[in-house]
Amino acid sequence: MRFFRYLRRNKRLAAGIVILTFLLLFATVGRLIAPPERAYPLAVPGNKPPSLEYPFGTDSQGRDLLATIVMGTYLTVRIGFLAGVIGLAVGTFLGFTAAYYGGPLDTIIRWVVDVLLTVPGLLVLVVIAAIVGRTLNPTSLSLILALLAWMGPTRTVRSQVLSLRERAFVRVAKLSGENNLEIIFRELFPNLLPYLGASLVGSVTGAIFASLGLEQLGLGAMREPTLGMTIYWVQYYGAFVRGLWWWILEPVAVIVLIFMGLFFLSAGLDEFANPRVRRVV
Amino acid sequence: MRAAYLLKRFGLLLAVLWTAATLNFFLPRLTPRNPIRERIVQLATSGGYLEQGIEEMVKAYEAKFGLDQPLWKQYLRYLGDMVRLDLGYSLTAFPKTVMELIGEVVGWSIGIAAVTLLLSFLIGSVLGALIAWPKSPKFLQYLVAPLMTISSVPAYIFGLVLIYFLAFRAKIFPMMGGFTLGTVPDGSFAYYMDVLKHALLPALSVILVSLGGWALGMRGMMVTVEGEDYMILAEAKGLKSNRLFSRYAVRNALLPQITGLGLALGYLVTGQILVESLFGFPGIGSLLNRSVFVYDYNAILGVTFMIILSVGVMTLILDLIYPLLDPRIRTGEGK
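Chains as they are written, first to last, in the numbering used here: chain A, 8 to 288; chain B, 1104 to 1438.
Excised from the complex, chain A in its bound form:
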């Protein structure tokens, strides 16, 4: 109940949660209406505009677009989420290590993060994905994305731990004889949670962005109906020139919703983590 009352004040968090819950419902309930097998080529007659039988229409490869978008939402969000979670886990570990132990380890981690953050990540992913080649599937794609999803969290966690460990309550804990692990898990971690949440949303957003980018360049799981692949096929089959407007608008609308949901969620989490911050929207 308190949570709902808080949501009324933090409108952006509420908007993010509503949009993402809606998408989640769409991806789960949609499966019951549109069986996943229909999301693959030659399942239904092609190029049909939306009708009662096919509410989202069908594409040139003979996929039922309702099933395709439902599956695509699930797959794309899963790719991003998996990569984001791995990135956050690695980043949290490295950030803690760097900030808590300091010294040369900190210097090395900071340098690697600095170097990698200056490189446009998508290009590195292009090279890796091009080598893995045509055997990519959604899981391997998210593992590749995870390779570059940990720098942001590392930086956030490191700076937060650095500022937290100087606070009075950590000193008190130290003086009262808590060991390192106890301090990390009992004192630092709970205070870090909102930042970890915001970091996770950031990594997931970045990973989804990168996955769509790779798929746009033709480096995705070619056989799977992810949202990015759907957009790739839209261009491959010239849906614009042929006027198949439903095929274009549906994946675009869902992608826009995903990014807006994540954006509002992260803005809301920022406000939750740091209420003093001035509202930006």
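A portion of the hints provided could be inaccurate.
[Said to hold, decoys possible] According to the in silico footprint, chain B covers these stretches of chain A (three or more CB under 8 angstroms from chain B):
1) 81 to 88
2) 130 to 137
3) 164 to 171
4) 242 to 250
5) 253 to 262
6) 267 to 275
Keep in mind the hints are simulated off the structure, nothing from the lab. C-beta: ideal position from N, C-alpha, C; glycine also.
Dock chain B against the given chain A, drawing on the hints supplied.
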């Protein structure tokens, strides 16, 4: 102090390039595939030859390209090539080198990137400044939310929306390409108008998406500057509002935006690559897209390396220019 900063900053660039080159060298060698053998077997089967002798041929070619030498020797030679920016030959457009391929398209990319970057930076900053200025019209406030929302969407997805409404529905702009097929690039006025018409939609999608970020950053800085003592003094002196706005507030708030420029560069380039490939705009992004499509390995590695190099150099230049512009943060001084 300045020298130490310069050295460190330059070291960072070298580290980036070395990492990129090393990855480019070792990653392909991690796969068990042997491109030479594959190509020769392919040629042999299409010519109807028997398999005998192929092993010797593979050996001979490997010796010719230096692939029989120990890995560290190959690696050093590769690093040497990269230092001389020798990216090797394209695998699919053979007599052409990767550098020649890049040379053919780089002008298009630089042209559109420079224009979009400049316009989005200028318009965004002015907009942000106006939003933060207490005396500007109220309706500007309502722009913040839609601008921020648009900027959360990738540029090329937004480009799809623009294509749908402005090219497909309204037919105001052409859907793709860099110029109408069949036109002769004769440098005439009509040709340039045609190019401009084709460049507008891709440029617009990048500009609109990046506008929000610049506007927001500028607004934040303006609010900070408006609280400074010298602003109160200037107002008390009775200076005109226009002068206060342009000479006192905007000039000071603009400086940190330039740091933002360096940070946003990588992101902008990525967005641009995808937008180019969406619109079939004949630039680097489309070259990369095409290379992936025909699996021209050398071109993929070369193009990515060159983009990483240029982003790195641009960021370095911005970082070095910044202390010159803003005396308050002469690096390392006062420490």
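Now the hints, each set against the structure:
{"no.": "1", "hint": "81 to 88", "result": "violated (count 0)"}
{"no.": "2", "hint": "130 to 137", "result": "holds (count 6)"}
{"no.": "3", "hint": "164 to 171", "result": "violated (count 0)"}
{"no.": "4", "hint": "242 to 250", "result": "holds (count 4)"}
{"no.": "5", "hint": "253 to 262", "result": "holds (count 4)"}
{"no.": "6", "hint": "267 to 275", "result": "holds (count 3)"}
When each numbered hint is compared with the structure, violations occur for hints 1, 3.
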